[in-house]
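2 protein chains.
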Amino acid sequence: MATIRDVAKHAGVSVATVSRVINETGYVHEDTRKKVETAIRELHYTPNEVARSLYKRKSRLIGLLLPDITNPFFPELARGVEDEMQENDFRIIFGNSDENANKEKEYIQTFVQNNVVGVIASTNHPDTDTYRKLGIPVVFLDRTADNRPSVYADGREGGRIAAHEMAARGSRQITVIQGPASIRTALDRYQGAVDMLSSQGIAFNVIQTTSFSFTEAGIWAKELFERYPDTDGVIASNDIVATAVLHEALRLGKKVPEDVQIIGFDDIPLSSLLTPALTTIRQPAYDMGRASAALLIQLLENENIDHRIIQMPVTFTERETTRKVEQYG
Amino acid sequence: MATIRDVAKHAGVSVATVSRVINETGYVHEDTRKKVETAIRELHYTPNEVARSLYKRKSRLIGLLLPDITNPFFPELARGVEDEMQENDFRIIFGNSDENANKEKEYIQTFVQNNVVGVIASTNHPDTDTYRKLGIPVVFLDRTADNRPSVYADGREGGRIAAHEMAARGSRQITVIQGPASIRTALDRYQGAVDMLSSQGIAFNVIQTTSFSFTEAGIWAKELFERYPDTDGVIASNDIVATAVLHEALRLGKKVPEDVQIIGFDDIPLSSLLTPALTTIRQPAYDMGRASAALLIQLLENENIDHRIIQMPVTFTERETTRKVEQYG
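Chains as they are written, first to last, in the working numbering: chain A, 151 to 479; chain B, 151 to 479.
Be aware that one or more of the hints could be misleading.
Because identical chains share one entry, a pair is satisfied inside a single copy or across any pair of copies.
[Stated by the list, open to error] 20 Å max Cα-Cα, derived EDC-like pairs, lysine to aspartate or glutamate:
(1) K253 x D233
(2) K184 x D409
(3) K405 x E470
(4) K253 x E237
(5) K404 x E470
(6) K405 x E451
(7) K405 x E256
(8) K159 x E187
(9) K404 x E451
(10) K253 x D239
(11) K405 x D382
(12) K255 x D233
(13) K255 x D437
(14) K185 x E366
(15) K255 x D239
(16) K372 x D279
(17) K405 x D380
(18) K255 x E237
(19) K159 x D456
(20) K253 x D279
Just so you know, these hints were derived from the structure itself, not from any lab. Remember, it's a predicted structure, so these values are computed and weren't measured experimentally.
Bound-form chain A, shown alone (with noise of 0.2 Å):
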């Protein structure tokens, strides 16, 4: 009797592309559906043999590591993941590491002790052996590692482009908000940012901060402007702070983005309801999680895989806390 891998082989798509075909779950190509449905007839493949199929195995269960679900970027990608493993009947054990090497090693190994098939990990340490010793497929999520599988957006062409943005519109006292140090991606986009202003030879002061809470942002907004009242331009670290320097900034009576220009970092849904909505480098957070799915369960199939690191695109998304470039550029 014919199985989904055959259907599969039959049709030359993967396991789970036939899940999707069978189950209308997920987008399949009209031609790629039609290969299929060719090889179901032809097999005499009747679908509830997926049921047995997929559950032949020891476990569907693929664990999903990230810093804290309550940044509001995670939700988005956890969703994309989500989807992504919910349309290819895998299950999701989830933790929040908060970017603690020790909870993260502690993680693994229970969701390795849970037979879990593979691991979906936002990590600071791609390197350490708590994954290259694991033993089973893991892909970098939000971060990457030489030449191991990842999915991430490019931070440091992202603060390249809110620097080269904000002096396209006239901001010529920029402060730019550094994210916590050991958070590689945010190091990236502050990097990208400083590269660019003094490329411009643009001079610029800088805020560190240490997280990316929302408690504490509303304080280095405060310690922002008033350790540079003259700011004319936040590069922020990402669209909670820049929230914050926005709010600090009306309180202060300043004018957005007359008097003041401020540029996010990732797109989470609130930035675009806000008063005045907020301009962002968007990630395409969604997308990074189903991808980083999608990549996990080739690695699983053992497919031939063409793109083991995806690196998705970084996007200008102007609104209304920047001026317009007529007036400037």
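Assemble the complex: chain A is given as a structure, and chain B must be docked to it using the hints.
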């Protein structure tokens, strides 16, 4: 040789409590801590047995089903669940139901296939066989069902408070935004508001909505001011919708709170960073998550449980989208 259970019995506390004392995680009352430490000394218990004892059972997995992690109310809830579970060495399989009964049923089934020992579910269908015949402990979170273990906030009371406070601050052309009719918590807060306005003889208009999504919130906000341009007070179905209403009101040149007062529901982290900062009915999401996890652990350990139904307080959180009561009360 003494086990962690012996220590717990000797000290007259739960295994989870002993674990918290040993691992120095989570809150333990000072008297309780002393009792546990005494028991550890008297029984010559060595904590490295914890690990052995913890992994004796087949699984320390629990299933967590939430409607949608990208709604900013739920990450806080999930984080509370996870922190409490993590401190007690449980791990979480996580799924989003999208309030879809079929997806929910499928998730619960695969939770069981993955040998979860208990379930925490935020569901609109607590009375179905999916839960009644599950055979493992279930705690309903952010929802309640007659006499079964649950942790929730009093939405109806929250709606009443919102209506009362808005009326006390002088709004007389109030529009109430009704959340999705299929979601019990949305209905509760709506009915609370309507009850209070009716009992005070205050007329009001209603805008019906079908989701809590960010993208649609803006559409309803526009509809609200088109249909009811004289609105001078908006009781929103949650903070996302309130944020969209605030954005639209400001876009139309209305002054908030002078021309229009707005009250949200939830108190998501960004609400305090809006300008003006959002007045809202706060639900203690993180604490609700923690409490549901603690209750499930108690059920798993067959402890004597005094409170199987835990109702958490809702609180009026006064910020800047409402007027001062002295002027009107």
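Going through the hints against the structure:
1. K253 x D233: between (26 Å within a copy, 11 Å between copies)
2. K184 x D409: neither (58 Å within a copy, 59 Å between copies)
3. K405 x E470: both (11 Å within a copy, 19 Å between copies)
4. K253 x E237: Between. Shortest inter-copy distance 11 Å satisfies the 20 Å Cα cut-off; intra-copy 30 Å does not.
5. K404 x E470: Classified as both: same-chain Cα gap 14 Å, cross-chain 18 Å, threshold 20 Å.
6. K405 x E451: neither (55 Å within a copy, 58 Å between copies)
7. K405 x E256: neither (48 Å within a copy, 52 Å between copies)
8. K159 x E187: within (13 Å within a copy, 61 Å between copies)
9. K404 x E451: neither (56 Å within a copy, 57 Å between copies)
10. K253 x D239: between (28 Å within a copy, 12 Å between copies)
11. K405 x D382: Classified as within: same-chain Cα gap 10 Å, cross-chain 26 Å, threshold 20 Å.
12. K255 x D233: The answer is between: 16 Å across copies meets 20 Å, while 26 Å in one copy does not.
13. K255 x D437: Neither, since 27 Å and 26 Å both go past 20 Å.
14. K185 x E366: neither (54 Å within a copy, 37 Å between copies)
15. K255 x D239: between (26 Å within a copy, 14 Å between copies)
16. K372 x D279: For K372 and D279, the Cα distance exceeds 20 Å both inside one copy (41 Å) and across copies (54 Å).
17. K405 x D380: within (13 Å within a copy, 28 Å between copies)
18. K255 x E237: Cα proximity of K255 and E237: across copies only (15 Å, versus 29 Å in one copy).
19. K159 x D456: Cα proximity of K159 and D456: one copy only (18 Å, versus 58 Å across).
20. K253 x D279: Answer is within; shortest intra-copy Cα gap is 15 Å, inter-copy 37 Å.
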